[in-house]
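Got chain F sorted already, so can you dock chain Y onto it with the hints?
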Amino acid sequence: MAKSQFVYVTFIRTTPEKLWRALMEPEFTRQFWMGTTQESEWKVGSSWRIVKPNGDTADSGEVVEIDPPRKLVLKWQNHLFPDLTAEGFSRMTYELEQKGDSVKLTVTHGMEKSDSEFIRKVSGGWPGILASLKSLLETGKSLEMTRHWPEGM
Amino acid sequence: MGGDLDKVFKALAAPERRLLLDRLRAKNGQTLGELCRHLDMTRQAVTKHLKLLEEATLVATIWRGREKLHYLNPMPIHEIAERWIGKYERGRLRALAELKTKLEGDTDG
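In order, the protein sequence lines correspond to chains F and Y.
For the first sequence, the numbering used here gives the first residue as 1, with consecutive numbering after it.
For the second sequence, the numbering used here gives the first residue as 154, with consecutive numbering after it.
Pulled out of the complex, with its shape left as it was, chain F reads as follows (with noise of 0.2 Å):
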C-alpha cells in the first residue's frame, strides 16, 4: 500500500464499456483531460504516455495490469517539473463497477513515499478532470476550464 495515496469515487450515468473508451479514447480525452491524448499499445507492459497537445510528453509509465472494461492499473511518472520527475514511478489505478445506471468509477493514485510532492500535486488535478468526465458523458459536454491545456505549463 503506497505511503502517499488519493481516492477518488464518482458514479457515472454511463455503460462501463463507454466509460472506459472515454478514458482512453483521445477524441474524448481531448475534451475533459486538457486537450491532451494517451498512447499506449494497451497490453501489460507496453509503454503509457500522456501527449501535450504540442506532442510534449506531460506524464508516462507503463500498463501494469488491463482487464477491459474493469480494471487498468499504471506505472505513472511526471515529467512536466524536474522535481516531481526525480520522485519516480506512482501507481494509478482506475477500477469501473456497474451500480444500477450508473458506473462507479474508483481512481486511486498513490506513491512508495511519505508526503510525495507529486501525489499532492495531483490530487489538485483529479477532481477537476473526472467531474468534466462526468459531465461529458451524462450531457455530451465537458466543463470549460479542462478542454484546453492550461498556458504556461
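It cannot be assumed that every hint is accurate.
Derived DEER-like restraints, expressed as beta-carbon distance ranges [to be verified]: (1) 192(Y) to 88(F): 32 to 40 Å; (2) 71(F) to 237(Y): 18 to 26 Å; (3) 41(F) to 256(Y): 54 to 62 Å; (4) 195(Y) to 43(F): 47 to 55 Å; (5) 53(F) to 242(Y): 36 to 44 Å; (6) 192(Y) to 18(F): 29 to 37 Å; (7) 194(Y) to 101(F): 29 to 37 Å; (8) 219(Y) to 56(F): 41 to 49 Å; (9) 88(F) to 197(Y): 36 to 44 Å; (10) 45(F) to 256(Y): 54 to 62 Å.
Quick caveat, the hints were computed from the structure, so don't treat them as lab data.
For each residue, glycine too, the CB sits at the ideal point set by N, CA and C.
Only chain Y this time, still in chain F's reference frame:
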C-alpha cells in the same frame, strides 16, 4: 446509490461527521481503529457515522488484507462547488478566504 446530493448534505449536517472528514484530510487512509484513537466517541458511533459518510460517497474505502482503509473522497464537495461557484468568482473567493485566514488566524471554524 452514489451521487445523491441530499445524502451529501445530510452527511455533512453533523459536527461529528465533519470532524471525521477533518481527520481524514489530515491523514488519509486510516483504519477504524486509528480514527477512534483520538476521538471522544464510541467505536459504534464512529462506525455509524462512517457508514453514512460512505453512503454519501464522502468517504471511500479500500481493503488492505483484512484492514479497511478510509479515504476522504473530494468528488461530491467538488461537484457542489462547481454547481454554485462561477469560474470567474473562484479567484476572488480564494483571495478573500486567504485574507480571512490571515486576519483570524488559522482555525478550522
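Hints versus structure:
1. 192(Y) to 88(F): 32 to 40 Å: At roughly 36 Å between Cβ atoms, residue 88(F) and residue 192(Y) fall inside 32 to 40 Å, so the hint holds.
2. 71(F) to 237(Y): 18 to 26 Å: violated, 34 Å
3. 41(F) to 256(Y): 54 to 62 Å: About 55 Å separates the Cβ atoms of residue 41(F) and residue 256(Y), which means 54 to 62 Å holds.
4. 195(Y) to 43(F): 47 to 55 Å: With Cβ atoms ~50 Å apart, the hint holds.
5. 53(F) to 242(Y): 36 to 44 Å: Violated: the Cβ-Cβ distance is about 27 Å, outside 36 to 44 Å.
6. 192(Y) to 18(F): 29 to 37 Å: Because 42 Å falls outside the window, the suggested range is violated.
7. 194(Y) to 101(F): 29 to 37 Å: holds, 36 Å
8. 219(Y) to 56(F): 41 to 49 Å: holds, 44 Å
9. 88(F) to 197(Y): 36 to 44 Å: holds, 42 Å
10. 45(F) to 256(Y): 54 to 62 Å: Check passed, 55 Å falls within 54 to 62 Å.
When held up to the earlier numbered hints, the structure conflicts with 2, 5 and 6 and fits the remainder.
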